[in-house]
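Engineer: Chain by chain, the residues run as shown.
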Amino acid sequence: MQTQTVKIVVTGPFNAGKTELIRSVSEIEVVNTEKKVTSESEKVKNSTTVAMDFGRITVDNDLVLFLFGTPGQKRFDFMWEILSEGMLGFIVLVDSTRPETFREARGILETFRAYAPTPYIVVANKQDLADAWSLEDIRVALRLDPAIKLLPCTAKKKSSVKTVLLELLYAILEELDSTKS
Amino acid sequence: MALKGNLRDFSIIQVLNLINLAKKTGALYIESSSKSAKLIFREGKLVYATTGMDAVPLIKIMARSKLIPSSAAASLSERYRTLNDMELGITLINSGYLTQDQIFTGIADFFKDILRGLFTLTEGLFNFEADEQPPSTSIPLRMALEDIIIEGSRQAHEHEDLKNEIPSLDVALKFAERPGVNIRDIKLNAEEWRVISYVNPKNSIKQIATAAKLNDFQIRRVVYNLLQAGLVEMIRLNSPVASAPPHAIPARNPIEQRNLVNRVIDRIKTI
Ligand SMILES: Nc1nc2c(ncn2[C@@H]2O[C@H](COP(=O)(O)OP(=O)(O)OP(=O)(O)O)[C@@H](O)[C@H]2O)c(=O)[nH]1
Ligand SMILES: [Mg+2]
Numbered sequence: 001m002q003t004q005t006v007k008i009v010v011t012g013p014f015n016a017g018k019t020e021l022i023r024s025v026s027e028i029e030v031v032n033t034e035k036k037v038t039s040e041s042e043k044v045k046n047s048t049t050v051a052m053d054f055g056r057i058t059v060d061n062d063l064v065l066f067l068f069g070t071p072g073q074k075r076f077d078f079m080w081e082i083l084s085e086g087m088l089g090f091i092v093l094v095d096s097t098r099p100e101t102f103r104e105a106r107g108i109l110e111t112f113r114a115y116a117p118t119p120y121i122v123v124a125n126k127q128d129l130a131d132a133w134s135l136e137d138i139r140v141a142l143r144l145d146p147a148i149k150l151l152p153c154t155a156k157k158k159s160s161v162k163t164v165l166l167e168l169l170y171a172i173l174e175e176l177d178s179t180k181s
Numbered sequence: 182m183a184l185k186g187n188l189r190d191f192s193i194i195q196v197l198n199l200i201n202l203a204k205k206t207g208a209l210y211i212e213s214s215s216k217s218a219k220l221i222f223r224e225g226k227l228v229y230a231t232t233g234m235d236a237v238p239l240i241k242i243m244a245r246s247k248l249i250p251s252s253a254a255a256s257l258s259e260r261y262r263t264l265n266d267m268e269l270g271i272t273l274i275n276s277g278y279l280t281q282d283q284i285f286t287g288i289a290d291f292f293k294d295i296l297r298g299l300f301t302l303t304e305g306l307f308n309f310e311a312d313e314q315p316p317s318t319s320i321p322l323r324m325a326l327e328d329i330i331i332e333g334s335r336q337a338h339e340h341e342d343l344k345n346e347i348p349s350l351d352v353a354l355k356f357a358e359r360p361g362v363n364i365r366d367i368k369l370n371a372e373e374w375r376v377i378s379y380v381n382p383k384n385s386i387k388q389i390a391t392a393a394k395l396n397d398f399q400i401r402r403v404v405y406n407l408l409q410a411g412l413v414e415m416i417r418l419n420s421p422v423a424s425a426p427p428h429a430i431p432a433r434n435p436i437e438q439r440n441l442v443n444r445v446i447d448r449i450k451t452i
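Chains as they are written, first to last, in the numbering used here: chain A, 1 to 181; chain B, 182 to 452.
Simulated from the structure, these hints should not be mistaken for laboratory data. Heads up, the beta-carbon is just placed ideally off N, CA and C, and yes, glycines get one too. Honestly, I wouldn't trust all of these hints.
[What the hints assert, rightly or not] Chain A stretches covered by chain B per the calculated footprint, using a threshold of three residues with CB under 8 Å from any CB of chain B:
1. 13-23
2. 55-67
3. 141-152
4. 163-177
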């Protein structure tokens, strides 16, 4: 039997930790296309992802999970096209220490709301840092519907990323149940 | 847990919105090159505000609102020098000089002026210290924030970026479920009322705009103000999903899909 593939997409504002999250659990070296950051406003880090990050987890002999991380800019135009086939759901990652990115995160979330019910969860990353906003405050700042899961995360820690992936998968199961009919 | 940032990135209106919606209790410190302020909230309502170092005495606050003639302010201050605000308020009421309502109105006006002064800040640090209480001797007023948020949101310069914030007009609005907040008590302008009258999960924002005769920019601005004040929420349009991208829903059947997801779950558990 031919190997099947499923995809999970990790999106979110610049510098949220998308590459880091995928790197923590991928069994292959994350294929990423980072380049040096030149724009002044984004000088908080030295490199940014310019195309997709790409991680992989072999599930069993004939099923593979791909993890895609969207680049720091321009997320939507091309994304649905590339990713819709076999996509299970999304993770919207935000940097809990940078409220200036919440506006952009809200834009991403509002866009999702307008579309068909593709399951997604929101993940508050960098909770290990002292400057991290609490989940409660982030939920309000992002205007998250109470039905949407919001989880704490430290993308550098494998166990934390594991929890996040499982929660997304459970949300996907719930969505499948609710559309069973 | 921190709740801090720079007003350059997260405006004072957005901070107030957060405090209002999350019903926070504690002190908000604002520190910019031109101004500093301390605002104390209790369950999302403003109970205390000062700018600069010192609290403004009650007599001065009343004189500002012309509730006490400024000619009388100095002698009253002198006479009641030893009283704290709470004691002074009671004394003024008991002596028939002012009513409780007048005192509350005067203080609320004072609070609003302080907030208005902060609306113009385009940079400055903010920091929220949870659970900090006002001085026990202050007058126990609780000022709701919706009106001032709407007012500030109307004049804010944030509107330029609204396309990022509200990218799609193909979503619907619904009233936020917030016990204790009655929309009739809030000071909306005519444009906002027109939009409010069409709020319904079956109407897209675009349809509301057409009905209310607003262009895309205007409707985004109104929706944004209402969102900021926590009066409405955006929801998926409750009708055939017109804007769904092709193939967004995986083409597999649910049973097969379930099976795949369960296998992925089993695998992730072993990580
Ligand atoms: N302390 C801490 N730092 C993190 C965490 N996750 C990511 N980082 C750091 O945050 C920075 C950004 O992480 P990336 O993974 O490059 O973020 P990204 O979302 O891929 O960024 P772009 O591709 O540029 O949008 C890096 O310096 C990471 O090491 C975390 O959980 N805790
Ligand atoms: Mg990256």
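Engineer: Hint by hint, note whether the structure agrees.
Structural biologist: For each hint, the structure was consulted:
1. Only residues whose beta carbon comes within less than 8 Å of a beta carbon in chain B count, and the stretch 13-23 of chain A has 0; fewer than three means the coverage is violated.
2. Judged by the Cβ-Cβ criterion of 8 Å, the stretch 55-67 of chain A is covered by chain B as claimed, because 6 of its residues qualify and three suffice.
3. Under the rule that three or more residues need a Cβ within less than 8 Å of chain B, the assignment of the stretch 141-152 of chain A holds, with 3 such residues.
4. With 7 residues carrying a beta carbon less than 8 Å from a beta carbon of chain B, the stretch 163-177 of chain A meets the three-residue requirement, and the given coverage holds.
When held up to the earlier numbered hints, the structure conflicts with hint 1 and nothing else.
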